[in-house]
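**Student:** Residue-level listing of the chains:
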Amino acid sequence: MKYRCPVCMFPSLPYPPSNYHICPCCSTEFGNDDADFSHDQLRGMWIDNGAHWFFGNAPEHWNPWMQLLNAGLGTYVPKLFFALRLQTNASVAHPGTGNFAHDFEANRIENIPIAVAA
Amino acid sequence: MLKLYVCVACEKVIIDQDGVASLIGLFNKLTLTPQKNQEIPRNAVAPKEWAVFSAWDTEPGDELKEYLFCLQILYPDKSQFAEIFKNKMKVELNKRSQVKTMIPGFPVGQPGFYTVRNWIEESNKMVAGPIEFKMEVEILKQEPSQN
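These protein sequences, in sequence, are chains A and B.
With the first letter of the first sequence counted as 1, position 85 gets the number 85 in this note's numbering; the numbers rise by one all the way through.
With the first letter of the second sequence counted as 1, position 138 gets the number 138 in this note's numbering; the numbers rise by one all the way through.
Source of the hints: derived by calculation from the structure; they are not laboratory data.
None of these values were measured; they are calculated from a predicted model.
Be a bit skeptical, because a hint or two may be false.
So the derived label-pair ranges between C-beta atoms look like this [what the hints assert, rightly or not]:
id : chain 1 : residue 1 : chain 2 : residue 2 : range
1  : B       : Glu132    : A       : Asn32     : 39 to 49 Å
2  : B       : Gly19     : A       : Glu29     : 41 to 51 Å
3  : B       : Ser22     : A       : Asn19     : 44 to 54 Å
4  : A       : Leu84     : B       : Lys95     : 29 to 39 Å
Not everything, but these chain A residues come out facing chain B in the computed CB check (under 7 Å) [claimed, not checked]:
id : residue
5  : Gln41
6  : Met45
7  : Ile47
8  : Ala58
9  : Met66
10 : Tyr76
11 : Arg85
12 : Ser91
13 : Val92
Glycine residues also receive a C-beta, built at the ideal position from the N, C-alpha and C atoms.
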């Protein structure tokens with residue numbers, strides 16, 4: 001059974017986050033550190049210190065920001081960017097759509113019922 | 001054996017109750033403007049959710065197998081970003097199989113062309129793919145203020 005750290009959201013704690021167990025990711029000692037600070041505050045401190053892996057080697061391809069995002073905590077991911085734009089490097093062809101749109105529009109307008117005031 | 005029908009990256013996928021998929025915002029490039037004097041760390045992630053939608057034609061017998069859709073993202077230098085995303089596929093007789101893989105962020109630690117590699121596994125063996133496409137990340141320079 002795996003447990004999730006309530007501070008950094010590391011999903012593979014081998015023990016429950018209690019009884020002085022220590023998270024290998026963010027170093028929180030449960031029952032000690034979280035007696036003085038809330039989990040939110042501890043998360044903020046971990047992030048402010050660079051969100052580094054604490055004990056031994058991090059799991060392969062580990063990324064602290066994806067860990068938070070996967071747990072739905074995107075608001076904690078640093079906003080490094082002022083603007084983000086999705087684009088496509090593509091040219092666009094619309095063969096025939098001009099005529100189709102014209103015909104479609106004309107037919108549609110003819111079928112609209114018109115109410116006439118008495 | 002599953003046969004690829006479509007595999008594409010987009011901003012959002014809506015699948016209605018009849019299984020009809022609508023793909024919103026097909027994109028292949030992210031342009032980012034950093035905050036002033038902001039260094040972009042190697043492990044930076046833009047908290048922008050996106051998705052890879054793929055659909056596969058099936059043949060009788062496929063519904064008896066357990067297929068996993070796998071998605072791997074490679075940085076421009078070909079190192080791997082995060083873990084491989086794996087999704088169990090739902091395969092039914094005489095139906096096309098559709099998979100929506102939501103990814104909660106996009107890696108932006110290196111400018112250039114990222115590779116999105118997709119394949120299907122059965123019993124830990126690749127049985128379809130890989131299908132690869134490129135996604136470009138461009139990081140613009142913040143212009144100094146005129147004031």
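**Student:** Each hint should be assessed against the structure and marked as holding or not.
**Tutor:** Here's how the hints hold up against the structure:
no. : hint                           : verdict
1   : B:Glu132 / A:Asn32: 39 to 49 Å : 48 Å, holds
2   : B:Gly19 / A:Glu29: 41 to 51 Å  : 49 Å, holds
3   : B:Ser22 / A:Asn19: 44 to 54 Å  : 49 Å, holds
4   : A:Leu84 / B:Lys95: 29 to 39 Å  : 37 Å, holds
5   : Gln41                          : 21 Å, violated
6   : Met45                          : 18 Å, violated
7   : Ile47                          : 12 Å, violated
8   : Ala58                          : 10 Å, violated
9   : Met66                          : 5 Å, holds
10  : Tyr76                          : 9 Å, violated
11  : Arg85                          : 5 Å, holds
12  : Ser91                          : 13 Å, violated
13  : Val92                          : 11 Å, violated
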